[in-house]
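My request is simple: use the sequences and hints to build the entire structure.
Line by line, the protein sequences are chains A and B. Here our numbering is used: position 56 in the first sequence is 56, and no number is missing along the way. Here our numbering is used: position 28 in the second sequence is 28, and no number is missing along the way.
Hints in this document: simulated from the structure, not taken from any laboratory. One thing to keep in mind: the hints can contain errors.
Stated by the list, open to error - List time: in silico BS3-like cross-link candidates among lysine-lysine, alpha-carbon distance up to 25 Å:
| id | chain 1 | residue 1 | chain 2 | residue 2 |
| --- | --- | --- | --- | --- |
| 1 | B | LYS174 | A | LYS104 |
| 2 | B | LYS79 | A | LYS104 |
| 3 | B | LYS170 | A | LYS104 |
| 4 | A | LYS2 | B | LYS79 |
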Amino acid sequence: MKTCLVVDDSRVIRKVARRILENLQFEVIEANDGLEALNSCKEKMPSAILLDWNMPVMDGITFLRQLRKEEGGKQPVVVFCTTENDLAHITEALTEGASEYIMKPFDGEILEAKFSEVGLI
Amino acid sequence: MTNEDIEHLSAMLKARSGLILGSDKTYLIESRLAPVARKEGFSSVSALLTALRTKRDEKLMAMVTDAMTTNETFFFRDKVPFDQFKSDVLPALAKTRLNGEIKIWCAACSTGQEPYSLAMLMEESRAQFPRVNLDILATDISDRCLEKAQSGLYTQFEVQRGLPITMMVKNFEKVDEMWRISPKMRQSIRFKKLNLLDDLRGIGRMDVIYCRNVLIYFDLETKKKVLEQMAQLLPDDGYLFLGAAETVLGITDAFKPMPGMRGLYIKNQAVKTEAARRLA
Ligand SMILES: C[S@@+](CC[C@H](N)C(=O)[O-])C[C@H]1O[C@@H](n2cnc3c(N)ncnc32)[C@H](O)[C@@H]1O
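Here is the structure:
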């Protein structure tokens, strides 16, 4: 079973994402911020990461930069999922190695489409 | 809604756009026509239908016909027809169209995502086919849809349906809360109003026809008529793409499925031979 790490400081969003992802046969792990996510990855790299941008402690883009420096950190497919919806943010995310980008609000259809776009499903 | 109103509406829709309403469509009629009724100052959809039947108001008939069309579409819908274009159709035609021009017709383009997907796909293949130029004609019966298609403006929801983020970044700019496709893309497509029930000969020769998710609304006879006219527009090595739920089988033998290529059709050998005999 593929695992997906959902990184978002909103419990509600994590719950919504979890429900969608479990329906897509992912095992879901959650993290509340970038640092928690990084620790989770150090323990075990997930196949996919659904990543918010603005979070306390460590934001999404900082997490992504750190992740890519970790051993095995190039493997997870990273999909941003954030309210930041301007080209500057999107371009920065792609430059740092994100594969896809979801602009909130999102729904199951969009998430599924984006995940299949990057070959996760 | 009286039966008489519904029967009149069905007959009008079939005559004007080919749409077959089918039975028990009261809910569909209600939901599609409520906004029209409100906008035109009718107290209810029933009142609108009665006026439609008794007044023969051309403007109202056109509005109702437009409102009853299903315009659902999205970028790279079903993916396969675009993958096949890139992997098979484009290379084959690039080899034989010596002036580099490939003529494509999106025969029911709705709000434009289908032709724009093709235009963006061509940009991606630019390096491989530097000399190819897609001449894309995109038509639909709906003025409302064509206007939107031409504006190239899409909601955040629409640009996230089927469009890979890298293509969005390359081809769109943000305008307030909407996303607008680049002038270059907009200029690469000719949008035009066209009813598929009309004589299609004026369209001229096409190399590829995308006729997806529109024939499903027609009856068998109309499907056949449209497909056979399309066969006339395509050269023997032309291609026809139908929607995932559509086929030519049991409708016409002008086309046959391309083996191993779901949704892709080529002209039937029998038709080719027949045409050759007539020319000889
Ligand atoms: C479901 S959309 C298909 C859009 C696109 N081809 C796709 O597959 O995503 C069907 C479109 O067919 C158009 N249509 C319906 N009847 C038509 C007719 N008689 N002539 C031309 N277009 C028609 C509608 O206006 C609508 O935009």
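Do the hints match the structure? See the list:
1. Taken as a hint, the B/LYS174 and A/LYS104 pair is honoured in the structure, with Cα atoms around 15 Å apart against an allowance of 25 Å.
2. Between the alpha carbons of B/LYS79 and A/LYS104 the distance comes to roughly 24 Å, so the proposed pair stays at or under 25 Å and holds.
3. Note on B/LYS170 and A/LYS104: the hinted pairing holds, with a Cα-Cα distance of about 20 Å set against a maximum of 25 Å.
4. Of the supplied pair hints, the one linking A/LYS2 and B/LYS79 holds, its CA atoms being roughly 24 Å apart against a limit of 25 Å.
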